[in-house]
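The chain contents come next:
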Amino acid sequence: MKRQLSICLSFILLMFAIPAMAQSMKVTGKILDAAGEPVIGAGVIELGTQNGVSSEVDGSYTITVSGPSAVLQVNSLGYQVTEIQVNGRRTIDVTLEEESSFLQETVVIGYGSQRKADVTSAVASVKAEDFNVGNISDAGDLIQGKVAGLTIANGSGDPSATSTIRLRGVISLEGSTSPLVLVDGIEGSLSTVAPESIESIDVLKDASAAAIYGTRGANGVIIITTKSAKRNENVKASYSGYASLTDFANTLEFMDADDIRAGHTDLEDKGHNTDWLGEITRTALTHSHNVNISGGMKNTTFYADATYRNRQGTIIDTYNKAMNVNAGVSHWLFNDILKLGVDIQNRSTESDIVSSSNVYHQAILRNPTEPVYNEDGSFYENFSATNYYNPVAYIKGRNGFRKNEQTRVTGTASLRPVKGWETTLKLAKVKSDSHTDTFRNEYDYSNIKNGYTGYATQSYSAYKQSLLELTSRYDAEFGKTGKHRFSALAGYSWQLDEDNSFSATNYNFPSYFFGSNNLSVGSALKEGKASMSSYRGESKLIGFFGRISYGYDNRYNVLVSVRHEGSSKFGANHKWGTFPSVSAGWNLHNENFMQDVSWLDVLKIRAGYGVTGVIPTDSYMSLTRYNYGGYFYKDGKWLPGMSIASNPNPDLKWEKSGEFNVGLDLQVLDSRLGLTVDYYAKTTRDMLYWYTVPTPPNLYDQTLANVGVMKNHGLEVAINATPVRTKDLQWDMTFTASTNSNKLVSLSNDLYETDNYQYNGGFGDISSARTHRLEVGKRVDLWYGLKSVGISEGGKWLIENPETGEAEEYTVSMDNNDKYCQVLGHALPDVYLGMNQSLKYKGWDLNLQFTGQFGAQILNENRVQYESYYFTQYNHLKSLLDAPYSDGNVLTRAMNSKQWTSAHLENGNFIKLKNASLGYTFNLKPNDYISSARVYVSGTNLFTITKYSGLDPELSNGDLMYFGHEYSSNYPPVRTFTLGVNLKF
Amino acid sequence: MKKSINIFMSAVAGLVLAGSCTNLDEHIFSQIASENYEFKDMDVEAMLSSVYENVHSVYTAMNGLTGIEEATDLWCVPSRLGIGWGKYYILLHKHTFSNGISHIRDFYSSSYAAITECNRMMEAEQIKANPVTYNQLRALRALMYYNLFDLLRNIPLDTQYDHPDGWMPVQAAPQETFDFIVKELTDLRGNCGDDNGYGVVNNATVNMLLAKMYLNYNAWFKKFGEAEDMSYYSKALAEADAVINSGLYSLASNYTDNFKDDISGSPEQILTFPFQYPYEYGLSFANLWLANSNRATYGFDSWATSGAGALSQFIESYDQDDQRLTDTWFWGQQVDAQGKEIPGCNYTIEFGDIDGAYEFEGARMRKYEIGTGSNGTYSDDLVIFRYADALMIKAECLLRLGQQEDLAADLVSQVRARNFKSNPAKAKVTAEQLKGGSCYKYGLRYNRNVQGKKDGVANEWITTDEGGDDIILGGLLDELAWEFVGECHRRQDLIRFKMTNGQNVYNGKSWFCKRAVKTVENIDDNVFPFHSTTLDGNPNLVQNPIRNVD
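The listed protein sequences derive, respectively, from chains A and B.
If you count the first sequence from 1, you need to add 1229 to reach our numbering.
With our numbering, the residue at position 21 of the second sequence is 13, and numbering never jumps.
Each hint should be verified, as a subset may be incorrect.
Unchecked claim - Here are the simulated EDC-like pairs of lysine to aspartate or glutamate, each with C-alpha atoms no more than 16 Å apart in a straight line:
1. A/Lys1863 to B/Asp254
2. A/Lys1863 to B/Glu45
3. A/Lys2107 to A/Asp1488
4. A/Lys1866 to B/Asp293
5. A/Lys1863 to B/Asp516
6. A/Lys1678 to B/Glu452
7. A/Lys1758 to B/Asp319
8. A/Lys1648 to A/Glu1706
9. B/Lys214 to B/Asp516
10. A/Lys1678 to B/Asp293
11. A/Lys1866 to B/Glu37
12. B/Lys252 to B/Asp328
13. A/Lys1863 to B/Glu27
14. A/Lys1866 to B/Asp254
Said to hold, decoys possible - Listed next, the stretches of chain B that the computed footprint assigns to chain A, with coverage defined by at least 3 CB atoms under 8 Å from CB atoms of chain A:
15. 155 to 162
16. 265 to 279
It is worth saying that the hints were derived from the structure and are not from the lab.
These figures come from a predicted structure and were not determined experimentally.
Here a beta-carbon is modelled for each residue, glycine too, at the ideal position from N, C-alpha and C.
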């Protein structure tokens, strides 16, 4: 009764209020950001009423307010909420201040983005303005040293080499250890698009973030977002280009011709004086050019860029030319209900077929008293030594190219029938074709040795990926100023990968004229010696996924996601797996009790748990596969035979990694000092590995199976600070550090019981010695071998007998002998550091990027091979003449084995100035031609502080078998100086 | 609006229900998967190759039985200065065994792969219906077990294909394994047919294998000083007689007729594995023995890096008139195919040191014909059992039994006859000669400072003079070496032949860098240790004793 009365009364009051509206007035204006660009969709509300509008695409708004004393509140995501007294004005332009960087940034979290303040898991984001500059080969170089826990190595000077990346330790023995790389939502690689096209790179580090990518997420996810245009944006064009000079940063010191003549090796003096490394190297020039054009109209945006880069290698005749095109257009229809988009990325590369590491290897081991050419001008060869050929002739003896072209076409249709609900259908096709053409001509050593007239190979491969992705997302805010923020996502993805390859080889051609362009005329084909092969394979990956996030009052955030995913690569009963995650964050700085702490901007605690999977690299591993390959003899004829390719394992299934992550974000003093700390603990179960299995009953002594358990845990710290911030001078620094501990928990289960250790590692060519041992309860990267403690009078290693502690003179029976082998250290660093210093003074900017690694021992393979008299036909390192121990004895020819010992393991600690750049941005008066111009110089690998005596302590090998090996075939690291320019028109 | 949403939702639902969007069937194109392919008779026959591939590897692989002859007094693979080799080959030569010798891993895994494939195929209906094929598989399986038993003795016995998940075999007692092999062969005896075509198991193969089982029984089972059970020599004799009396075989007129590209015409071969490059690769002896530059002699174009060399003591044991010396070995300056000297390609019989030998030290083997192009020895057929062996087994049994010793001498003389064409009188040997000592000059003989030369250190020859006088049936042991070098014979012979102190020659004598064992041996000292990988895979396996002579 009472209630009815009050409703009635209010109604009457409302009626009386109507005449008061006669005082209402119309206010118009524009909402702009600090740069003067319009802010679209900003909310303009008359404070204390339900009255509100939002700004148009040009930032304009029109609102009718109750009177001249009304107060307007303007809010927009990423900007501070602003209140303005109308004071009778009819036109009010509002410039919004950006929110503190921490809060305004959005991060890409997979199938969408999130305000950084709402993020509940370990996600790092690097924007274009923070990228490294200089001679950048791929996306990995852009963010090296910038993300704690992400190690990126590009240890090779090969112009075609790409970065190898690893996040948070080693979680798998057999599956991939590289993070999933997504380029605009589609699987790609760090080199799918040109570095110049990249807008931002986001790294999903922990499983609570990566679980939405299910089976591919266990090593983390790197999300590359390419540049695009905004609506109602003036058409812009820009050019950026650079030229670089590249040289070896350091080389090894081998015996020179005088040393040979002094008898320090077993090489014969052939009377010449040749600097072999000098003969095959040069100062290499790289130049790169990028043009991009972008703009937007009311309903259409477009973006296009093209990048051409021509890199020379430091080894003569090596090169890599790449042309990238990245273009996209989007169009909005039906009053923004439907958005259509088409994106095309094309990359074509061409490179040499010279095996740089072989050439380099031949140059360092070759006798420096031998000439390059004979007196008659032909190449000098000396085939009396094994695996020994003139490296200059090797380069000149092989013609050909390796071409690769990849095209990615993506079409998207987004339907937004009501505000907050968006459903997107994405269809994509990735086609990648490669063609390798090799011809060995008359200078080629193998042709000369075998007496062949020409040897040619043509190989083609085609890779195709088809992708369908359907996602539907609903975002809603309830309550006053979005007290409750809710977002839900559901999706389906279907991916088909198809591989085809073909290759043919023939030799003994009637003429060198044809090269590899007329394969059929070689006589080896007629003799049954030519070869031909083809392959076809496919795999499918299907996923259903969903995610719900909820935020309350900017204080509490939770996120729950799940992916149910299946792959054709697994056994019939184990095709599907489910990968859930849950995480939560608490923004303490928004709590009432923290409001008085004025120096604190952000204090946030995050915690999450998620499950991700690792997929085996190859298809068909669960099947009982038969190869037709061998032949068997029957009744005088050779008939094709068939044999089982590997032990089948119908129970093959997902390797699963469960990860717990807890993190803290802190920003103080006006965000001039920030700290992010994350701790994680991951457990990998059902670990895929080639387990040693009993024979019999198995046919082969190894089977790919899900057996082991491995644990990793670690800490990551990122600190950013701005010690100086004045009008003219700004000094920023970031510092990242990470550690990881690894432990192999088990190598057995009910079906596969194995001993608790397995030998691992080796040298390939140099020696049959093993180098690692996997042991349950220990880390996976343990060095295992002979511990040398000195050199005997007779010039052999003195080896410590671990049982007695006595030093014994080396004998061959100690090799791979458990009685003498012991754990000698570990191969992966304990601590990774990164540091960035950035200084801006007026138009000048200076950037220094350091990286460092600590705690690893590196096996210097060059010393194993060349600091020994064993290979009498090859040159040796000068250091062979030095005594490695304080006993003063040196190795003599009596040490007749290529055995490695602890003496070849070296402290791998280092700090490197990876990248330094100095730039100047011109202060241009407004003109019709150029809106901004910047020039810069940069250098990479400027110096390294290390005790390591090899070429480069920053190793890139990701193969568990060879952790910590600096391969003797490693091409030396390079140092690059770059001059570049960025122009905007 | 609502309508369009409905249409959209039903489209999604339809897609999901249609199933194509959840279909994860695997499509395989370049291999055959038994899960989604019905094998045809033709395919089943083709699977025989998977048995043969493994059987062949057991013998011909670099790490196979032919290579394991490195553990004997005939030849070795030293560490070649500036080239490589050595390592496991050195351990085999010096009898400093460890659990890391890859020869043993490869031999073990190929042998059991062959056995597993035999077990699998013998359960297939198409195979069971074909007695020739079935018996062939059964005999090959017995052959594999015979080798495993000889080298490793304490081995798992797996005779069926289907096992419960997680099944892991244990080692069978030696007697059990011996009885199994003998039973299998006894069942097959006389049921395999006299001639099933070239390269296929026949009755004489079964006889030969049984003969070997019986001949070695005492060496395998009798402890040091324990009396031999002579009845096994009689059993072996009966099997050898069965082969001889069949009248199907005779000696080839030339020794070399048995070691060529195609020996199907040799009347001597009983079981031969045919090989033909590029279909199926046989021995890689050409690659193992030839120096790189020596390839020009044969027009051989595959790799060759001067690995193996004959022990000088063995070369010296030959009679100069015995053609087998030069039919088997060569040394000295080599010439190319046009007769032009190859610079530097001059092999010495002298060998310095297994731990470091120069490229041209040691005589080289050409017993297996070295073909042109890529053929090398890949294309040579490999004889497993031949008639000469039946004659020698018979001779040995007679001498051991003390029966018809003159007949024994006559049989050996028959085998020798074709090898002394320039001096036929020398072909004849007497029982006394066969029963007497060995002419092999056993003892250490190496130059400890062979690589010291360049450092200015003088030679330091380490020699001991053990000789062969104290070897029982030493003359016969020598005959076996000259006749069967390179045929996976020697290790077994050295273990079977004893010295007067009761030790076998394998342990009791020194040669080159291999030292004699001074302690009284255990029968387990004659077997190899398992490789660590084999043990890792099956914790039920118990390691053989690891004897380390150093």
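query: Are the Cα positions of B/Lys252 and B/Asp328 separated by 16 Å at most?
result: 21 Å, violated
Would the pair A/Lys1863 and B/Glu45 pass a check requiring their Cα atoms to be no farther apart than 16 Å? 14 Å, holds
Is the hinted pair A/Lys1863 and B/Asp516 satisfied, with a Cα-Cα distance of at most 16 Å?
-> 40 Å, violated
Notebook entry, point to check: Quick one, are A/Lys1866 and B/Asp293 close enough, alpha carbons at most 16 Å?
Noted result: 25 Å, violated
### Task
Mind checking the alpha carbons of A/Lys1863 and B/Glu27 for me, to see if they're no more than 16 Å apart?
Distance of about 28 Å is beyond 16 Å: violated.
>> With the threshold set at 16 Å, check whether the alpha-carbon distance from A/Lys1758 to B/Asp319 stays at or below it.
In response: 30 Å, violated
Is the straight-line distance between the alpha-carbon of A/Lys1678 and that of B/Glu452 16 Å or less? With Cα atoms ~38 Å apart, A/Lys1678 and B/Glu452 exceed 16 Å; violated.
Are the Cα atoms of A/Lys1863 and B/Asp254 separated by 16 Å or less? 14 Å, holds
Task: Hint consistency between A/Lys1866 and B/Asp254 [alpha-carbon to alpha-carbon, up to 16 Å] - done: Roughly 13 Å between the alpha carbons, so the hint for A/Lys1866 and B/Asp254 holds.
For A/Lys2107 and A/Asp1488, compute the direct alpha-carbon distance and say whether it is at most 16 Å.
At roughly 8 Å apart (the allowed maximum being 16 Å), A/Asp1488 and A/Lys2107 satisfy the hint.
Count residues of the stretch 155 to 162 of chain B with a Cβ under 8 Å from any Cβ of chain A, then say if the count reaches three.
-> Result for this restraint: holds, n = 6.
Exercise. Is the straight-line distance between the alpha-carbon of A/Lys1866 and that of B/Glu37 16 Å or less?
Worked result: 14 Å, holds
Of the numbered hints given earlier, the model fails hints 4, 5, 6, 7, 12 and 13; all others are met.
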